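If you read the protein sequences in the order shown, they are chains A and B. Numbered per this note's numbering, the first sequence spans residues 13 to 73. Numbered per this note's numbering, the second sequence spans residues 28 to 408.
By construction, these hints were calculated from the structure, which means they are not laboratory data. Since the model is a prediction, treat every value here as computed from it, not as a measurement. Mixed in with the good hints there might be a few duds.
[As the list claims (entries may be wrong)] Cβ-Cβ distance ranges computed for the label pairs, FRET-style: (1) B:ALA245 <-> A:ILE39: 20 to 30 Å; (2) B:GLY376 <-> A:PHE36: 38 to 48 Å; (3) B:ARG335 <-> A:GLN22: 46 to 56 Å; (4) A:ILE20 <-> B:GLY72: 54 to 64 Å; (5) A:ILE39 <-> B:PRO267: 24 to 34 Å.
[Claimed, not checked] To give an idea of the chain A side of the interface with chain B (calculated C-beta under 7 Å), a few residues: (6) LYS17; (7) ASP45; (8) ASP49; (9) ALA51; (10) SER52; (11) LEU60.
[As the list claims (entries may be wrong)] Derived list of chain B stretches under chain A, where covered just means 3 residues or more per stretch with a C-beta under 8 Å from a C-beta of chain A: (12) 114–125; (13) 130–140; (14) 197–209; (15) 363–374.
We put the beta carbon where it would ideally sit given N, CA and C, even for glycine.
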Amino acid sequence: MPAAKRSITQIFLAPVLLCAVIAFGLISALLGDGIWDQASWLALALPLVVIVFYVSRRGNR
Amino acid sequence: MTPRSIRLWTSIHKWTSLVCTLFLLMLCITGLPLIFHDEIDAALGATIEPDQAPDNAPLLSFDRILDIARAAQPTQVVTIVGADDENPIWHVYMASTVTAPKTEVIVSVDSRTGRVLHVGAAARGAVTKFLLDLHTDLFLEQPGMLFLGAMGLCFLVAIVSGVVVYGPFMRRLEFGTIRPRRRLYWLDLHNLLGIVILAWTVVVGVTGVINTLSTQIAQHWQRTELVAMLGPWRNAPVPPKLASAQGAIDTALAHAPGMKVQSVAMPGSPFAGGHHYGVYLRGNQPLTSRLLKPVLINADDGTFGETRDMPLYVQALFVSRPLHFGDYGGMPLKIIWALLDLATIIVLGSGLYLWAAKLRKVPARTPIAAGRPLVAGAERS
Numbered sequence: 013m014p015a016a017k018r019s020i021t022q023i024f025l026a027p028v029l030l031c032a033v034i035a036f037g038l039i040s041a042l043l044g045d046g047i048w049d050q051a052s053w054l055a056l057a058l059p060l061v062v063i064v065f066y067v068s069r070r071g072n073r
Numbered sequence: 028m029t030p031r032s033i034r035l036w037t038s039i040h041k042w043t044s045l046v047c048t049l050f051l052l053m054l055c056i057t058g059l060p061l062i063f064h065d066e067i068d069a070a071l072g073a074t075i076e077p078d079q080a081p082d083n084a085p086l087l088s089f090d091r092i093l094d095i096a097r098a099a100q101p102t103q104v105v106t107i108v109g110a111d112d113e114n115p116i117w118h119v120y121m122a123s124t125v126t127a128p129k130t131e132v133i134v135s136v137d138s139r140t141g142r143v144l145h146v147g148a149a150a151r152g153a154v155t156k157f158l159l160d161l162h163t164d165l166f167l168e169q170p171g172m173l174f175l176g177a178m179g180l181c182f183l184v185a186i187v188s189g190v191v192v193y194g195p196f197m198r199r200l201e202f203g204t205i206r207p208r209r210r211l212y213w214l215d216l217h218n219l220l221g222i223v224i225l226a227w228t229v230v231v232g233v234t235g236v237i238n239t240l241s242t243q244i245a246q247h248w249q250r251t252e253l254v255a256m257l258g259p260w261r262n263a264p265v266p267p268k269l270a271s272a273q274g275a276i277d278t279a280l281a282h283a284p285g286m287k288v289q290s291v292a293m294p295g296s297p298f299a300g301g302h303h304y305g306v307y308l309r310g311n312q313p314l315t316s317r318l319l320k321p322v323l324i325n326a327d328d329g330t331f332g333e334t335r336d337m338p339l340y341v342q343a344l345f346v347s348r349p350l351h352f353g354d355y356g357g358m359p360l361k362i363i364w365a366l367l368d369l370a371t372i373i374v375l376g377s378g379l380y381l382w383a384a385k386l387r388k389v390p391a392r393t394p395i396a397a398g399r400p401l402v403a404g405a406e407r408s
């Protein structure tokens with residue numbers, strides 16, 4: 013566990029990137045079909061993958 | 028952030044969450060099957076399927092469809108007719124009078140064979156209708172719908188305050204940290220899930236709140252835009268002899284190339300003036316198919332009357348629907364929507380658990396309540 017204080021940027025970098033990916037996913041399926049739907053599935057699956065990654069990482073230790 | 032403002036935001040997060048959590052849990056749990064309402068209706072045999080006919084079979088005249096519906100329900104009059112989203116079917120909405128705000132019966136007619144496929148009070152199966160009514164208004168109609176809208180606003184405040192306290196909370200923790208001890212485990216899980224799906228919960232929350240205002244939005248549009256479109260005809264009576272409704276559709280389509288009919292409001296009904304057919308068209312692109320364009324056609328001679336684009340607040344409502352339902356990107360998107368909904372349930376449930384777990388500890392602490400200022404001071408780091 014890092015003892016050093018983390019800056020606002022460090023704390024919110026990952027959440028902001030996730031928000032951007034989700035926003036892209038929500039909009040792409042709305043504006044297009046085919047490849048845009050598939051891009052949307054990938055983008056919106058990312059938060060689920062992130063959750064599974066961090067939750068299972070803890071379980072393995 | 029000062030310890031004072033952190034405490035303020037923490038209590039905002041606690042109280043707004045407490046107010047809305049039970050209702051949000053209900054919304055998430057009923058919303059989960061509703062994501063798959065088409066599939067559930069189909070599995071229960073509650074969907075209305077068209078007759079077998081070759082793809083290029085000619086469509087019956089729309090006037091003929093109206094006659095078939097009238098013959099099926101001779102005591103009722105047609106108010107509005109909706110085109111099925113997927114199949115060549117017209118859903119004819121009927122009531123005792125043309126001005127009646129409430130539909131009494133829907134007659135679904137195959138647009139190629141002209142056979143009456145279904146007659147009923149709702150176009151949905153009983154199971155999904157029950158879930159949808161609970162989800163939209165708690166069976167309390169307008170008041171229930173606005174109440175759930177208020178709960179949605181509360182939820183949005185809870186989300187924002189949760190993000191605000193996430194910052195100071197994570198000062199010494201790495202993103203994604205989950206500590207093993209029970210209460211800390213649920214706290215860390217609550218924070219991780221909440222922050223990771225943040226954008227989705229905000230979008231589904233905001234669009235849900237917009238959807239609760241759909242009646243007000245429709246009424247405001249009728250009182251302002253529709254009245255302005257009707258101009259001098261706004262209080263005109265229905266002409267004794269109506270021009271062909273199929274002709275009205277053809278004229279409307281000729282003014283909007285590439286669009287198709289979403290619904291036709293009959294002269295005298297709330298979505299048309301007395302002197303006009305209200306033909307509502309939609310586009311053929313993924314986004315424009317969700318937006319409607321009203322075209323008014325003179326009901327006495329079938330000539331073009333007026334058309335306008337919908338104002339922004341109505342467009343916002345139209346776009347809110349797919350963004351709330353998750354029904355715009357095929358089955359994979361629906362499954363993702365369901366998983367994100369489950370994640371939201373975990374956030375709500377763990378939040379509730381954390382509050383209850385803290386509550387159980389309080390009695391042990393009460394004797395040292397006098398020491399509180401000291402404890403608050405110790406929080407400063």
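With a C-beta cutoff of 8 Å, work out whether three or more residues of the region 363–374 of chain B approach chain A closely enough for the coverage to hold. Contact hint for the region 363–374 of chain B vs chain A: holds, 4 residues under 8 Å.
Next item in the hint list is SER52 of chain A. Is there a CB on chain B closer than 7 Å to its CB? For SER52 of chain A, the interface hint holds, since the closest Cβ of chain B sits about 5 Å away, which is under 7 Å.
Lying within 38 to 48 Å: is that true of the beta-carbon distance GLY376 of chain B to PHE36 of chain A? This hint is violated: roughly 29 Å between Cβ atoms.
Honestly, do ARG335 of chain B and GLN22 of chain A meet the 46 to 56 Å range at C-beta? holds, 50 Å
Verify the interface restraint on ASP45 of chain A: the C-beta must sit less than 7 Å from at least one C-beta of chain B. Result: holds, 5 Å to nearest chain B Cβ.
Taking the closest Cβ pair, is LYS17 of chain A under 7 Å from chain B? holds, 5 Å
Coverage criterion applied to the region 114–125 of chain B (partner chain A; beta-carbon cut 8 Å; 3 residues): violated (count 0)
Coverage of the region 130–140 of chain B by chain A, judged on three or more residues with CB within 8 Å: Check failed, 0 qualifying residues.
Take the region 197–209 of chain B, compare each residue's beta carbon with every beta carbon of chain A, and decide whether three or more fall closer than 8 Å. Holds, because 10 residues of the region 197–209 of chain B bring their Cβ atoms closer than 8 Å to Cβ atoms of chain A.
Tell me if the beta carbons of ALA245 of chain B and ILE39 of chain A are separated by a distance inside 20 to 30 Å. holds, 25 Å
Looking only at beta-carbon atoms, does the pair ILE20 of chain A, GLY72 of chain B fall within the given range of 54 to 64 Å? Because 56 Å falls inside the window, the suggested range holds.
Double-check ASP49 of chain A for me: the hint is only fine if its C-beta lies closer than 7 Å to a C-beta in chain B. holds, 5 Å
When each numbered hint is compared with the structure, violations occur for hints 2, 5, 9, 12 and 13.
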